[in-house]
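*Asks:* For reference, the chains in residue letters:
2 protein chains.
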Amino acid sequence: MTRWRLTIEYDGGPFMGWQRQDHGPSVQEALEQAAFRMTGELATIHAAGRTDAGVHALAMAAHVDVMKTLTEHRLREGINALVRPAPVSVTAVEPVADDWHARFSCVGRRYLYRILNRRAPPALDKGKVWHVPIALDAEAMAEGAAHLVGRHDFTTFRSVHCQSQSPLKTLDSLTVSQVGEEIHIRAAARSFLHHQVRSMVGCLALVGRGRWTPGDVKTALEAKDRQALGLNAPPEGLYFVEAVYP
Amino acid sequence: MTRWRLTIEYDGGPFMGWQRQDHGPSVQEALEQAAFRMTGELATIHAAGRTDAGVHALAMAAHVDVMKTLTEHRLREGINALVRPAPVSVTAVEPVADDWHARFSCVGRRYLYRILNRRAPPALDKGKVWHVPIALDAEAMAEGAAHLVGRHDFTTFRSVHCQSQSPLKTLDSLTVSQVGEEIHIRAAARSFLHHQVRSMVGCLALVGRGRWTPGDVKTALEAKDRQALGLNAPPEGLYFVEAVYP
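Here the protein sequences line up with chains A and B, keeping their order.
Heads up, the first sequence is in full-length UniProt numbering, so the first residue is 1 and it goes up one at a time.
Heads up, the second sequence is in full-length UniProt numbering, so the first residue is 1 and it goes up one at a time.
These are computed hints drawn from the structure, not numbers from a lab.
Careful, some of the hints might be misleading.
The list makes no distinction among identical chains, and a pair is therefore deemed to hold if it is satisfied within one copy or across any two copies.
[What the hints assert, rightly or not] Below are the SDA-like pairs computed for lysine to any residue, each with C-alpha atoms no more than 25 Å apart in a straight line: (1) LYS169 <-> ASP216; (2) LYS169 <-> GLU94; (3) LYS126 <-> ARG37; (4) LYS218 <-> VAL160; (5) LYS68 <-> ASP225; (6) LYS218 <-> ALA146; (7) LYS218 <-> MET1; (8) LYS126 <-> LEU112; (9) LYS128 <-> THR91; (10) LYS126 <-> GLY13; (11) LYS169 <-> ARG37; (12) LYS126 <-> GLU242; (13) LYS218 <-> ALA189; (14) LYS218 <-> PRO234; (15) LYS126 <-> GLU181; (16) LYS68 <-> ARG119; (17) LYS218 <-> PRO85; (18) LYS128 <-> LEU168; (19) LYS218 <-> HIS101; (20) LYS126 <-> ASP52; (21) LYS126 <-> MET38; (22) LYS68 <-> ALA53; (23) LYS126 <-> GLU77; (24) LYS126 <-> THR175; (25) LYS224 <-> THR213; (26) LYS68 <-> LEU112; (27) LYS169 <-> ARG3; (28) LYS126 <-> ARG5.
Input sequences plus hints: build the corresponding full structure.
*Replies:* This is the structure:
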């Protein structure tokens, strides 16, 4: 048996999310089916993060156990050929130790959120950015973001469906930068609560529009109350960027 | 009557190209129909460049004459609302002089060609890049590109359907750069022959794969013969980037 680490890029648009669902297509199912057709083995593919419906990945980390002897080349090319036409692509594979676990060994996760901030809707990046037609103040957003960095009770930024045992998380960084017509928000932490990034981005957008002050983000955080949340940013702007391992 | 300059972004994927066609959808038709529904006037929209099927635009320049009195805001928002769901977006409008012409006043055109150079196919940028799975040598490509800059007879790089009176063109610049997993080729000239950019990129890709030397590009140029052409790069990697006016 070989445990393989997979690096996966996907367009979240047509999927109900990473995780297998009864009611629609998932990235996990698409990959597991391709792997099954490739190896003849039924195996679960475990990912570092279970992204929501519509959320994309530039480099999701995952692992799968395969009994059959395969080269790295053959495994990657085989899955990529068989996963078509689903917009999923295995960009790298490598053998790892049998106790390496994409989810439990992961010590850091990084996300990018892309806001297209101009009047005109996106033609080329439709479904790949959150289109906000009202001018946002990126500097005020960065000031608001700074209040969220560190170890906090993130109850305000947590989905009611969140399965995490504790709302206490350490947000290592949350940066806001203007990149041409886009505003990029980058978040890094060991782990995140369900909907945490989209909830934080939603509040920062309110700050950017001037409806909240940067200090209102601190007030919302300290309220430890989901009702204090401004708005959840939509999934299409969110990208899982990287999983970090020791 | 007001002559309006339009700046247009579009995803060329679903279109037969910019120009109106009898046998399929075009960007021009989509925009003219939206403008007609907006103004009640039948008007032609003229563009700086007539891109082929599948070719994209980040900022195509065009113009249209409108009798009805409209604000910039209303014209842009109206067309964008009515052009949906076609992946076309008017990013800017401004009134121009009655003798300003998007095509004939244009003194410079810039294109970008994106090659995704990695084994794995694109998941997020499917239809937006040319996927070349074999490693390309960007430095050799840049060396080959240098032979094409300047005033030359570009017959080798000209489509048999080209309507230009002369094959003589001045290529102002042709650069090759590695950007992460992508190779970007940027071309600038007053005007281009039909298929010129894609033909040049096709030859440079042969150089990148080592099947041509950089000097073979010069030989092909000097042959002034379409048969000397290596290969036409596919449309999906090509973007009309900018039209320059005095």
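*Asks:* Now tell me if each hint is right for this structure.
*Replies:* Hints versus structure:
Proximity of LYS169 and ASP216 under a CA criterion of 25 Å is satisfied intra-copy only: 20 Å inside one chain copy versus 59 Å between copies. Proximity of LYS169 to GLU94 under the C-alpha cut-off of 25 Å is found in neither arrangement, the shortest distances being 31 Å within a copy and 49 Å between copies. For the homomeric pair LYS126 and ARG37, the shortest alpha-carbon distance between copies (23 Å) is at most 25 Å, but the shortest distance inside one copy (32 Å) is not. In the homo-oligomer, the alpha carbons of LYS218 and VAL160 lie at most 25 Å apart inside one protomer (21 Å), although the nearest pairing across protomers, at 65 Å, exceeds that limit.
Taking the shortest Cα distances, LYS68 and ASP225 never come within 25 Å of each other, neither inside one copy (50 Å) nor across copies (53 Å). Taking the shortest Cα distances, LYS218 and ALA146 sit within 25 Å of each other inside one copy (9 Å), while across copies they are farther apart (56 Å). Neither within a single protomer nor between protomers do LYS218 and MET1 lie at most 25 Å apart by alpha-carbon distance, with minima of 50 Å and 54 Å respectively. With identical chains, the CA atoms of LYS126 and LEU112 are at most 25 Å apart both within one copy (17 Å) and between copies (20 Å).
Proximity of LYS128 to THR91 under the C-alpha cut-off of 25 Å is found in both arrangements, the shortest distances being 19 Å within a copy and 17 Å between copies. In this assembly of identical chains, LYS126 and GLY13 lie within 25 Å of each other by CA distance both inside one copy and across copies; the values are 10 Å within and 13 Å between. Proximity of LYS169 and ARG37 under a CA criterion of 25 Å is satisfied in neither setting, with 40 Å inside one chain copy and 53 Å between copies. For a Cα distance limit of 25 Å, the shortest separation of LYS126 from GLU242 qualifies both inside one copy, at 23 Å, and across copies, at 21 Å.
Taking identical chains as interchangeable, the C-alpha atoms of LYS218 and ALA189 lie at most 25 Å apart only when both belong to the same chain, with a minimum of 19 Å there against 53 Å between chains. Proximity of LYS218 and PRO234 under a CA criterion of 25 Å is satisfied intra-copy only: 22 Å inside one chain copy versus 51 Å between copies. In the homo-oligomer, the alpha carbons of LYS126 and GLU181 lie at most 25 Å apart both inside one protomer (14 Å) and across protomers (22 Å), since each shortest distance falls under that limit. Taking the shortest alpha-carbon separations for LYS68 and ARG119, only the inter-copy value of 23 Å comes in at or below 25 Å, while the best intra-copy value is 53 Å.
For a Cα distance limit of 25 Å, the shortest separation of LYS218 from PRO85 qualifies neither inside one copy, at 45 Å, nor across copies, at 40 Å. When the C-alpha separation of LYS128 and LEU168 is checked against a cutoff of 25 Å, the pair qualifies neither within a copy, at 30 Å, nor between copies, at 41 Å. Neither within a single protomer nor between protomers do LYS218 and HIS101 lie at most 25 Å apart by alpha-carbon distance, with minima of 35 Å and 53 Å respectively. With identical chains, the CA atoms of LYS126 and ASP52 are at most 25 Å apart both within one copy (18 Å) and between copies (21 Å).
For a Cα distance limit of 25 Å, the shortest separation of LYS126 from MET38 across copies, 23 Å, qualifies, whereas the shortest one inside one copy, 33 Å, does not. Taking the shortest alpha-carbon separations for LYS68 and ALA53, neither the intra-copy value of 32 Å nor the inter-copy value of 44 Å comes in at or below 25 Å. Taking identical chains as interchangeable, the C-alpha atoms of LYS126 and GLU77 lie at most 25 Å apart only when they sit on different chains, with a minimum of 17 Å there against 29 Å within one chain. Taking identical chains as interchangeable, the C-alpha atoms of LYS126 and THR175 lie at most 25 Å apart only when both belong to the same chain, with a minimum of 24 Å there against 29 Å between chains.
In the homo-oligomer, the alpha carbons of LYS224 and THR213 lie at most 25 Å apart inside one protomer (18 Å), although the nearest pairing across protomers, at 65 Å, exceeds that limit. Taking the shortest Cα distances, LYS68 and LEU112 never come within 25 Å of each other, neither inside one copy (36 Å) nor across copies (44 Å). Taking the shortest Cα distances, LYS169 and ARG3 never come within 25 Å of each other, neither inside one copy (30 Å) nor across copies (57 Å). For the identical chains of this complex, LYS126 and ARG5 are inter-copy neighbours only, at 24 Å across copies versus 31 Å inside a copy, given an alpha-carbon limit of 25 Å.
The structure shown violates the earlier hints numbered 2, 5, 7, 11, 17, 18, 19, 22, 26 and 27.
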